Amino acid sequence: AQSVTQPDIHITVSEGASLELRCNYSYGATPYLFWYVQSPGQGLQLLLKYFSGDTLVQGIKGFEAEFKRSQSSFNLRKPSVHWSDAAEYFCAVGPYGSGNTGKLIFGQGTTLQVKP
Amino acid sequence: SAVISQKPSRDICQRGTSLTIQCQVDSQVTMMFWYRQQPGQSLTLIATANQGSEATYESGFVIDKFPISRPNLTFSTLTVSNMSPEDSSIYLCSVEREGGTHEQFFGPGTRLTVL
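Protein sequence lines, in the order shown, are assigned to chains A and B. Under the working numbering, the first residue of the first sequence is numbered 1, with each subsequent residue one higher. Under the working numbering, the first residue of the second sequence is numbered 117, with each subsequent residue one higher.
Hints are supplied without guarantee of correctness; some may be wrong.
[Claimed, not checked] Okay, the calculated bits of chain B under chain A, using three or more residues with CB under 8 Å as the criterion:
1. 145-159
2. 212-219
3. 223-230
The hints are simulated quantities; they were obtained by calculation from the structure and are not laboratory data. Please read all numbers here as calculations on a predicted model, not as lab measurements. Glycine included, C-beta positions come from ideal geometry on N, C-alpha and C.
Whole structure, please, built from the sequences with the hints as guidance.
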């Protein structure tokens, strides 16, 4: 069965430090992979996506992620964190279900806190 | 990307009542989805809403509790019926980007509190 695991529920980093958020998935074929960010009281914003090609993908706000098939991972990184990056981050994989339904499975989320 | 609006943005309701949430998209889309996000939790898919057909519900969600309408390619509603405090959640609609990449764009959400 398809699944997504974000092992870190909560991460605290200092402003200016590097960041890596982990995402592991279980999927029967090459997945479509996504990272979303949710700021307090907001909807979800797509940071980046992978579905083919170069395994290192660049996203908005200076984020990047690397698809590693051998490790079933799609970790999100940022070289220097800003206070405004404090938010909830969700990894998602899909599609699942019969037919080309486009449904996504979301991980449990990682809360990022940024220390000044 | 699509611009999605939801109404209301938040509401406080009494148990036993119903609330209808509206989702409006600025372009025509085939696939629309409704999610529930319980406090401190991830997103759980309630149903997929396609224009011209019945919504498809996920396990644990039923039409009597969460009736959905999809009258055209830019609009959908989700009703939360006979509410209880356990229905207190954020309800989000999303649309899938056309073209087969399965990207979803989300509305801002409706924060529902049931007393």
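Confirm or reject the coverage of the segment 223-230 of chain B by chain A under the rule of 3 or more residues with a beta carbon closer than 8 Å to the chain's beta carbons. holds (count 4)
Coverage of the segment 212-219 of chain B by chain A (three or more Cβ within 8 Å): Three-residue rule met by the segment 212-219 of chain B, so holds; n is 5.
Check of the segment 145-159 of chain B against chain A for coverage (Cβ-Cβ below 8 Å, three residues minimum): Answer holds; 5 residues pass the 8 Å Cβ test.
In summary, this structure violates none of the numbered hints.
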